[in-house]
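Q: One letter stands for each residue in the lines below.
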Amino acid sequence: MDISGIISYTTGVVIMAGIYAVFSLGLNIHWGYTGLFNIGIAGFFALGAYTSAILTTSAPDPDLFEDFKFGGDLPALLSFLDPGIDLWFFVALLAAGVVCGVVALGIGFITLRLRDDYLAIATLGIAESVRLVFLNEKWLANGSKGLYRIPKFMGDVVSAENYEFLYLVAVLLVLAVVYLAVQQVIKSPWGRVLKAIREDETTAAASGKNVFSFKLQSFVLGAFIMGIGGALYAHSVRFVAPISFDPLLATFIIWAMLMVGGSGNNKGAVLGAFVVWGIWTGTQFLPGFLSDPNFRLFMIGFLIVAVILLRPGGILGEERRVSRAAQEREGAAPSEL
Amino acid sequence: MGRGNGILLETQVAVKDFDGVRAVNRCSIRVGAGTITGLIGPNGAGKTTLFNLITGFLRCTGGRILFKGERIDGLPPHEVFHKGVVRTFQIPRELKRMTVMENLMLVPSTQAGEHIWNSWLTPWRVSRQERENETRALEVLRFVNLVSLKDEYAGNLSTGQKKLLELARTLVAEPQMVLLDEPGAGVNPTLMKELVERIRSSCYDKGITFLLIEHDMDLVMRLCNPIIVMSNGEKIAEGSPQEVQQDPLVLQAYLGGLPG
Chain A
737 MDISGIISYT TGVVIMAGIY AVFSLGLNIH WGYTGLFNIG IAGFFALGAY TSAILTTSAP
797 DPDLFEDFKF GGDLPALLSF LDPGIDLWFF VALLAAGVVC GVVALGIGFI TLRLRDDYLA
857 IATLGIAESV RLVFLNEKWL ANGSKGLYRI PKFMGDVVSA ENYEFLYLVA VLLVLAVVYL
917 AVQQVIKSPW GRVLKAIRED ETTAAASGKN VFSFKLQSFV LGAFIMGIGG ALYAHSVRFV
977 APISFDPLLA TFIIWAMLMV GGSGNNKGAV LGAFVVWGIW TGTQFLPGFL SDPNFRLFMI
1037 GFLIVAVILL RPGGILGEER RVSRAAQERE GAAPSEL
Chain B
395 MGRGNGILLE TQVAVKDFDG VRAVNRCSIR VGAGTITGLI GPNGAGKTTL FNLITGFLRC
455 TGGRILFKGE RIDGLPPHEV FHKGVVRTFQ IPRELKRMTV MENLMLVPST QAGEHIWNSW
515 LTPWRVSRQE RENETRALEV LRFVNLVSLK DEYAGNLSTG QKKLLELART LVAEPQMVLL
575 DEPGAGVNPT LMKELVERIR SSCYDKGITF LLIEHDMDLV MRLCNPIIVM SNGEKIAEGS
635 PQEVQQDPLV LQAYLGGLPG
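These protein sequence lines map, in sequence, to chains A and B.
Under our numbering, the first sequence is numbered contiguously, ending at residue 1073.
Under our numbering, the second sequence is numbered contiguously, ending at residue 654.
Don't take every hint at face value.
Just so you have them, the derived chain A footprint on chain B, three or more residues with Cβ under 8 Å [what the hints assert, rightly or not]:
hint, segment
1, 458-467
2, 483-493
3, 507-517
In case anyone wonders, no lab produced these hints; they're calculated from the structure.
This one's a predicted model, so the numbers in the text were calculated from it and none came from an experiment.
Here a beta-carbon is modelled for each residue, glycine too, at the ideal position from N, C-alpha and C.
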């Protein structure tokens, strides 16, 4: 591989890691801060990716798709706005988030009053249902053949070989916005209530907090972020099909990322995504059996166990305090002296 | 606020059944405003169950619970809290992986920052309120002598310190009434003295009404007046410490099961 090939490959890896980091941030809200056991990330992943793909892909186009009747063709629809930047991309990201949020609201409303394990089962079931709906409702998403030629973000601005760099910037930008937005609410009293619920629901209720309402908000916000992640994925790979969302690469590996980076720490969630995705893609260049997919999978499992045993909090671990305002004050005190 | 004038909390023939076992049986108690009322009785008398009924953690099978003349039975715990009734737990339920300070800053109600939008749209408002709440939490921490531990994880405190933290949690809420479930259990004598002092001054200086379950009779007799005695889910006696100590029913409830 020549140098430009290596750069291009690395860019692809970083794009994917950045997308995974968005998911990891979403899961961190669910699990890291609220203790909600979501093992159906793949469901929100697929829902976000498909929502964005359906909205932006044109249909009916008999040359491209036989059965797909539902394409929104958002780029054409919003072209009259023409702000000089592909606005539809951001509209599609938001729409993907909103759809996931609404679905999460429904699931959460039913299951979040019940014991924790019901949510786990429900998320697992929903993930499978979402996949089956997109597989069987051909008019909606072209069935098992999936949707392809999903539009590029600012595709006509740069040449095809430079597109990846542009998309890298877009992904990192979205990641930064999500990170800052999440950090802002987690470091607020809202985040403190989530942590209290994680530690002891009864105490949170005895402290006057409506536990169900906060759990629901957490579940919806996390799902919203996962939806954005799904949309980022759709416009990166530009192909979505039911097989894209298998539990290994759409749920399990995101859990690994959060555990490795540091559950309950947003920096850890992002770091974990880059570390684990780096290991996952890096190991395919190892010699002999080491690059066998099953062995690489074993490596990820091994990493999780190693982290749990050696550094249970993950690489970064949880921050001691949540309240930003209180921290600022503490930081300010010495300089006043 | 005058002492002993008016009824703050009242249970009217409250009943709680657990699958055929009647834990609370037609129990009617009244707690006067500004008092430190003791609730005693042998193990299994239904004291903690009554607490759970009052604070909304359990629903009454029958009867009514009134706070300031208003029905609170059937309300969920967080709404009972907002009525001004706050409780502690027999076994401290501190938020382990949160600092002592955060355990307390959680509590104040109507925090703007609890609404997700406010942290994005009006962060300055959230910050200002956070500083106010921190000041308030610090005051309470000073009051219960836990300031030096404010940045410690609550899970690392000793049992006695956790009991103090539980008391602190109720005080940060600025409640009208506090229900303490065995505040003295597992607390060493020195810390116990402190706890008694804190409860007394909260009542006398801040006008907070206390209802407390306690097995340490020495503590109850020193601190509480009146004292209500429960046995087998029913109220069997009520009165001053002297009256209750001499009540034959009470003696029977505590000693009656013993041979001889």
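Q: Please go over all the hints and tell whether each is borne out by the structure.
A: Results for each hint:
1. 458-467: violated (count 0)
2. 483-493: Per the Cβ count (8), the hint holds.
3. 507-517: holds (count 8)
In the structure shown, a violation is registered for the earlier hint numbered 1 alone.
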